[in-house]
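Here the structure of chain E is known, so what remains is to put chains S and L in place on it, guided by the hints.
Chains as they are written, first to last, in our numbering: chain E, 11 to 158; chain S, 298 to 585; chain L, 20 to 393.
It is worth saying that the hints were derived from the structure and are not from the lab. If you're wondering where the values come from, they're calculated on a predicted model, not measured in any experiment. Quick reminder that beta carbons are idealized off the backbone N, C-alpha and C, glycines included. Among the hints, erroneous ones may be present.
Claimed, not checked - Which chain S residues face chain E? A few, computed with CB under 10 Å, are given here:
{"#": "1", "residue": "Val389"}
{"#": "2", "residue": "Gly428"}
{"#": "3", "residue": "Asp484"}
{"#": "4", "residue": "Glu488"}
{"#": "5", "residue": "Gln493"}
{"#": "6", "residue": "Phe579"}
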Amino acid sequence: MAEQAHWFGSFLADLSPRAQEKLLALGENFQYPEGETIFHEGDPSLHLYVVKTGQVAIEVHIPSKGRRTIMTAGPGDLFSWSALVEPRIETASARATQATEAFGVKGGLLMDLCREDPEFGFELYRALAEVISSRLIATRLQLIDVFA
Amino acid sequence: MTTASPTLEVPYPADPMLPRLATIRGIKPEAYGISTFSMAFVDPDERARYRFQPGQFNMLYLPGVGEVAISVSSDPGEPETLGHTVRYAGNVTRAIGRLKPGDVLGVRGPYGSHWPAISRPGTNVVIVAGGIGLAPLRPVILSVLRHRDDYGRVLLLYGARTPADLLYTGEFDKWREGNIDLHVTVDLADENWRGQVGVVPQLFYRVRMDHKNTIVMTCGPEIMMRFVIYEALARRIPKDRIYISMERNMKCAVGFCGHCQFGPTFICKQGPVLNFAAIEPFFGREDF
Amino acid sequence: MTPSLPRIAASVAVPKAALQQVFENLRGEGFSLIGPTVRDGAVVLEEIDGMDDLPQGWVDEQNPGQYRLKKTRESQYFGCSVGPQSWKRYLHPPRLGLFSVEKSNGGWVFHTPKGPPPHYAFIGVHACDLAAIAVQDRVLIGSEFRDPQYAARREHVFILAANCGHATSSCFCTSMKTGPKVTGGFDLALTELPDIFLVEIGSEAGSEMMRGIQWEAATAFDLSRAGRVTQRAEKLISRQLQTDDLPELLYENLEHAHWDEVASRCLSCANCTMVCPTCFCTTVEDSTNLQGTASDRISVADSCFNRDFSHVHGGNIRPSIKSRYRQWLTHKLASWHDQFGSSGCVGCGRCITWCPVGIEITEEVNSIRAKAVR
Numbered sequence: 011m012a013e014q015a016h017w018f019g020s021f022l023a024d025l026s027p028r029a030q031e032k033l034l035a036l037g038e039n040f041q042y043p044e045g046e047t048i049f050h051e052g053d054p055s056l057h058l059y060v061v062k063t064g065q066v067a068i069e070v071h072i073p074s075k076g077r078r079t080i081m082t083a084g085p086g087d088l089f090s091w092s093a094l095v096e097p098r099i100e101t102a103s104a105r106a107t108q109a110t111e112a113f114g115v116k117g118g119l120l121m122d123l124c125r126e127d128p129e130f131g132f133e134l135y136r137a138l139a140e141v142i143s144s145r146l147i148a149t150r151l152q153l154i155d156v157f158a
Numbered sequence: 298m299t300t301a302s303p304t305l306e307v308p309y310p311a312d313p314m315l316p317r318l319a320t321i322r323g324i325k326p327e328a329y330g331i332s333t334f335s336m337a338f339v340d341p342d343e344r345a346r347y348r349f350q351p352g353q354f355n356m357l358y359l360p361g362v363g364e365v366a367i368s369v370s371s372d373p374g375e376p377e378t379l380g381h382t383v384r385y386a387g388n389v390t391r392a393i394g395r396l397k398p399g400d401v402l403g404v405r406g407p408y409g410s411h412w413p414a415i416s417r418p419g420t421n422v423v424i425v426a427g428g429i430g431l432a433p434l435r436p437v438i439l440s441v442l443r444h445r446d447d448y449g450r451v452l453l454l455y456g457a458r459t460p461a462d463l464l465y466t467g468e469f470d471k472w473r474e475g476n477i478d479l480h481v482t483v484d485l486a487d488e489n490w491r492g493q494v495g496v497v498p499q500l501f502y503r504v505r506m507d508h509k510n511t512i513v514m515t516c517g518p519e520i521m522m523r524f525v526i527y528e529a530l531a532r533r534i535p536k537d538r539i540y541i542s543m544e545r546n547m548k549c550a551v552g553f554c555g556h557c558q559f560g561p562t563f564i565c566k567q568g569p570v571l572n573f574a575a576i577e578p579f580f581g582r583e584d585f
Numbered sequence: 020m021t022p023s024l025p026r027i028a029a030s031v032a033v034p035k036a037a038l039q040q041v042f043e044n045l046r047g048e049g050f051s052l053i054g055p056t057v058r059d060g061a062v063v064l065e066e067i068d069g070m071d072d073l074p075q076g077w078v079d080e081q082n083p084g085q086y087r088l089k090k091t092r093e094s095q096y097f098g099c100s101v102g103p104q105s106w107k108r109y110l111h112p113p114r115l116g117l118f119s120v121e122k123s124n125g126g127w128v129f130h131t132p133k134g135p136p137p138h139y140a141f142i143g144v145h146a147c148d149l150a151a152i153a154v155q156d157r158v159l160i161g162s163e164f165r166d167p168q169y170a171a172r173r174e175h176v177f178i179l180a181a182n183c184g185h186a187t188s189s190c191f192c193t194s195m196k197t198g199p200k201v202t203g204g205f206d207l208a209l210t211e212l213p214d215i216f217l218v219e220i221g222s223e224a225g226s227e228m229m230r231g232i233q234w235e236a237a238t239a240f241d242l243s244r245a246g247r248v249t250q251r252a253e254k255l256i257s258r259q260l261q262t263d264d265l266p267e268l269l270y271e272n273l274e275h276a277h278w279d280e281v282a283s284r285c286l287s288c289a290n291c292t293m294v295c296p297t298c299f300c301t302t303v304e305d306s307t308n309l310q311g312t313a314s315d316r317i318s319v320a321d322s323c324f325n326r327d328f329s330h331v332h333g334g335n336i337r338p339s340i341k342s343r344y345r346q347w348l349t350h351k352l353a354s355w356h357d358q359f360g361s362s363g364c365v366g367c368g369r370c371i372t373w374c375p376v377g378i379e380i381t382e383e384v385n386s387i388r389a390k391a392v393r
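Bound conformation, chain E alone (with noise of 0.2 Å):
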């Protein structure tokens, strides 16, 4: 466990031992390679995915504008919950800006293992919420413009 620990970030880390456990057994790691685009904005959702190492780019395209990128995640960071909500569509677009290698839960297993195990999915969507919550506020200091 210590030599994955360094990529849990504080998703994973929020987990019981036990609930970490059942969700590494549920994925599985994927190699991409720098430039290449994990998923499109308005693709099935189909996996949940951690960064191990590397950095994702999360993009927006925009109209005349092309795509623009609204934030990163590196090692630790959850980039894609919406396999876990519905309507299961991405809402952003993720591209690999450097050699990066991710780990992957299919939406559909996870969330039969919810529906079996609900301790289990009541722990998955705890940290979640926690992930999602600290996502907001980030975004809010990025829309108040600080800086400005």
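Here is chains S and L on its own, set in the frame of chain E:
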């Protein structure tokens, strides 16, 4: 209720409001609307005698225009030439922006409190800066580089609004080579930016820090500092090991005009560097 | 036989007219006499020539937002309480040249104010105002930095204090422990009785100014009559300010609902800061001649009620009247303790009298205390 590091000896006790003459030696554009002005006192004795601690500021004066408080951003180990990183925001700063090398201006100081001197060897230092907030921290970085072995891990978390607003980018490599762990982010990326995008407090998620034997020093917009403090506290950094640098309106820098008060604190005397534990009841209070 | 000079700490009785001789002595030593005189319906502090300029027979009535002078058939010279002005007008003037700059030969020359500082003799300083001078001393010459012009004026000032026999509804010096009796810090202190002045000698300078005056040691009867004068003033004081829970009361109630209530009445007109004898805030003004070859820097009185007082790039830290009123009150009664080791308030009551909407500092504190957070 009063705070922080003690002030140094009083400069110019006979007439605290009278500026000294200094000549502009060089001007270096740093970012959009921001340049660093290097200057030296005209009088050779004053040039030789002047000392400052990281975090302190001078009052820069242009006759007929006014005075402005600007942190010293140069190396405290080389105090004969003083650097001030100035953002053109109002009348006085814009008038400073029109100066050329060889021009003369008024300077008095140094005033205010300074970043804590690290007494315990091996202390970990976390420097978190936003925008022009990196300027009063640059003297700390230069001091650390000079005595790198005295410190443990040194982290620099820095961000600005856009890539064009980042200061001192030409020095980043040198700082990294000096074994400073530097992480940079911007709020808003442009087409060419390949680095991190996100607000400065988010940089805490890129690093791990030991809450024991660690000091945090932060300077930037007050909202940013508020969220930096949340992140530091979430990582169990003790409140009294967090230092901030605050800004308030200053007309005199010597505790007479009353403008810079923040509760019981005079930002020109007990500040601008303040220990968070000492000002916690007031920090972040609306319209205070 | 030329009378010798009374010694320090002595109390002496002199006929009332002898005060004129004190004035002559002071003027002979180069002092300008600044004292109370009636102008425009108020007792102001201006240069006076002699006893004829004093507000003899006048008595003031003060209430929240109200000031009236009444002529009585009494003959008291010092029968009034304090007017809208205070001695800071002369020690810490509202406009004061700091220095000027002349550009010459490619360089600059700084000119600081030349010439000797003014020698003022303050006539009729009441106890609250004497305490206020001491409070400003701690700010301007008793802290880390020293204001040289204030120091020079202060060094040369002669203080002729006057004990109060009268008080208005605004007074609360007793709560602030600053009066009504003058206890120190003066050169001469007089108590006015119907037939004589009882004069307490406070310093060698004070003793010197008694030259040429027929004085007699005060009798026990004189002293007891003088005691009853200040007791009368004390009995007239009805306003109270409880101070034993300050500054904590205010520090712990910075979000009290009452601040909004006061803010709905306060006009942010800054009158209170102008009349307050301890308010010291200033700003600076820079001006230049048309050619840009000479410029001045002057210090100008300022107020924390001014909107731009707290201006930083991007806006004002205290944009609301509520935040500015809170700043003034908490500074005066709370932060001042941490900054200068005493309260900033001396209980003179001017802020109550001269507030156009009659806000009473004592009542505001009571309102906060009534529903305080503990």
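Hint by hint, here is what the structure shows:
1. Val389: violated, 21 Å
2. Gly428: holds, 5 Å
3. Asp484: This interface hint holds because 5 Å falls under the 10 Å limit.
4. Glu488: holds, 7 Å
5. Gln493: holds, 5 Å
6. Phe579: Interface hint status for S:Phe579: violated (20 Å vs cutoff 10 Å).
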